[in-house]
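K.L.:
Residue numbers (this note's numbering), protein chains in the order written: chain C, 1 to 267; chain R, 1001 to 1267.
Treat the hints loosely; a few may be bogus.
[As the list claims (entries may be wrong)] Each computed SDA-like pair below joins lysine to any residue, with the alpha-carbon atoms no more than 25 Å apart: (1) K63(C) - A1141(R); (2) K63(C) - E1143(R); (3) K76(C) - L24(C); (4) K1047(R) - Q138(C); (5) K76(C) - Q1025(R); (6) K1047(R) - H136(C).
[To be verified] Rough simulated footprint, nothing fancy, chain R against chain C, three-plus residues with beta-carbon under 8 Å: (7) 88-94; (8) 100-106.
[Stated by the list, open to error] Chain C residues, not near chain R, derived (Cβ > 12 Å throughout): (9) R16; (10) V84; (11) Q187; (12) A188; (13) F204; (14) D208; (15) Q261; (16) V265.
Treat the hints as calculated values from the structure; they're not laboratory data.
Ideal Cβ positions, reconstructed from N, Cα and C, are used throughout, including at glycine.
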Amino acid sequence: MSIISIRDLVVEYDGRRVLDGLTLDIEQGETMVLLGGSGSGKSTLLRHIIGLERPRSGSVLVKGIDITRCSQPELKRVRRCIGVAFQSAALFNSLSVEDNIALPLREHTSLAPSIIDLMVWMKLAVVGLAEFGKLHPQELSGGMKKRAAVARALALDPEILVFDEPSAGLDPIVAAELDELIRLLKQAFQMTVIVVTHELPSAFRIADRIAMLYKGSFLAVGTKDQIRSSEHPHIRQFIDRVPGNIAQTRAVEAYFEEYVQSQEVTR
Amino acid sequence: MATLTESIGRATLKHLDYVGGLSTQLWAGVRALGAALPVTGNRYRWKASIRQMLEIGVQAIPMVGLMAVCGGFILAMQGATELRRVGALHYVIDLVAVGFTRELGPLLTAIAVSGRSGSAFSAEIGTMMVTEEVDALRVMAFEPIEFVLAPKYLAALITVPCLSIISNVCGILAGGIFMFFSTDLDLRLYLQDVLTSIQLQDVVSGLIKSLAFATIIVHVGCLEGFRVRGGPDAVGRSTTSAVVKSTFLVIVADVVFTAIFYFTGRR
Chain C
1 MSIISIRDLV VEYDGRRVLD GLTLDIEQGE TMVLLGGSGS GKSTLLRHII GLERPRSGSV
61 LVKGIDITRC SQPELKRVRR CIGVAFQSAA LFNSLSVEDN IALPLREHTS LAPSIIDLMV
121 WMKLAVVGLA EFGKLHPQEL SGGMKKRAAV ARALALDPEI LVFDEPSAGL DPIVAAELDE
181 LIRLLKQAFQ MTVIVVTHEL PSAFRIADRI AMLYKGSFLA VGTKDQIRSS EHPHIRQFID
241 RVPGNIAQTR AVEAYFEEYV QSQEVTR
Chain R
1001 MATLTESIGR ATLKHLDYVG GLSTQLWAGV RALGAALPVT GNRYRWKASI RQMLEIGVQA
1061 IPMVGLMAVC GGFILAMQGA TELRRVGALH YVIDLVAVGF TRELGPLLTA IAVSGRSGSA
1121 FSAEIGTMMV TEEVDALRVM AFEPIEFVLA PKYLAALITV PCLSIISNVC GILAGGIFMF
1181 FSTDLDLRLY LQDVLTSIQL QDVVSGLIKS LAFATIIVHV GCLEGFRVRG GPDAVGRSTT
1241 SAVVKSTFLV IVADVVFTAI FYFTGRR
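Let the hints inform the model, and build the full structure from the sequences given.
P.N.:
Right, here's the structure in full:
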């Protein structure tokens, strides 16, 4: 049985349909990349997978529990097996990096403080921040913050690890390092990984399967090669980086032509 | 005509929505209060409560004290101008003592706390909303109301009445100093007169009011914070609105409580 199965998920904000009857199965131990442009609904889908919002209709089953309908205690239990690294890292600024990671351990487990210290150190070592634990989040660089967020997501040894735009706002080298970290974590801990991104290189490097979102529905769900060789016009447009016609290129061109001509005349 | 009714309807719905949000949060906050108590509750929440008590209470003492001293002088001088004409200068003592314990002490304190802490609550929570920290709390299986609001609420319920008492003492002492310089009344005699003129009910009614004020300040401040959507400008707006709304509601509540005490004959 798949670890997460989404059935006919419909989400509307103020009567505007954001997700239109999505159905997707994510298998245990695979890396699923939710790929799509801005406004395709991929972040909204993610917020529903981790149970931050309730959909208009449809269901999201995580380990067999429907998190759109279950009780608060059940939802809490499900959440403990999901680790989330947010786009903005979302570290608690008032706490040091160590305390950020120790927080769920202290409050959700009855481990001794010395064990917690050890576990925090291990999580930090995994993401390569072992000697930065005493610092506060605002003293870290963007890439370090993201890695610290990964360490916090790993704190309770989750079965499912979720990344929201891991490479957004990072330079290519740091972004590539983060991709490697995601691959390494998946190999080392056999986790199910869900990544939301719009970055193609990163998606093709880490994914087992890719779900391509466009305007609230899936264009295609398949392996990297299936997506790469797809003939669907929107997927081709996305992969080949063809600009959309939002900017009304004709009108812009005409404007510039007129402008250049008027300049020539005055000269 | 349709637009007029439309806008009236929309405004009514907006206010109803606000009142609804406030009452839901109040109920959730009261239920979460247990988690912040020492011994029976969660010790991390209790520690947070103590930090909040220092911030809301201890750090506000100089400001509240000074405001009360000024208020005491103002009340004594304004009262003396009128009372001297009818040869009843002695009643300045009653005016200051009863006026402060029943009314000005709690009210001045609430205005000071709303300005200092109400704005801080909404700014803190608003920033946490913008940086996804509140979402992070929820996916880590923490309840934001319990984690963020409950310590602040408990701290305010304890410190605001204490500040009110400090305010009462400062205001009454200021009255005494005024009487000493204007009529050479011995400070010890003044205090004896004060003690005969105030009754226990006066103090109790003042303290009941200050509990209500604390509730208003915390819940309005936190609700404004939780309702922040968007960016830093929204945080700024929520801070302004937290102070404006809580000060307004404090005064409305003051009228209601004063009327209740007046008509039930508790003076």
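K.L.:
Against the structure shown, which of the earlier numbered hints fail to hold, in ascending order?
P.N.:
Checked against the structure, the only hint that fails is number 10, while the rest are satisfied.
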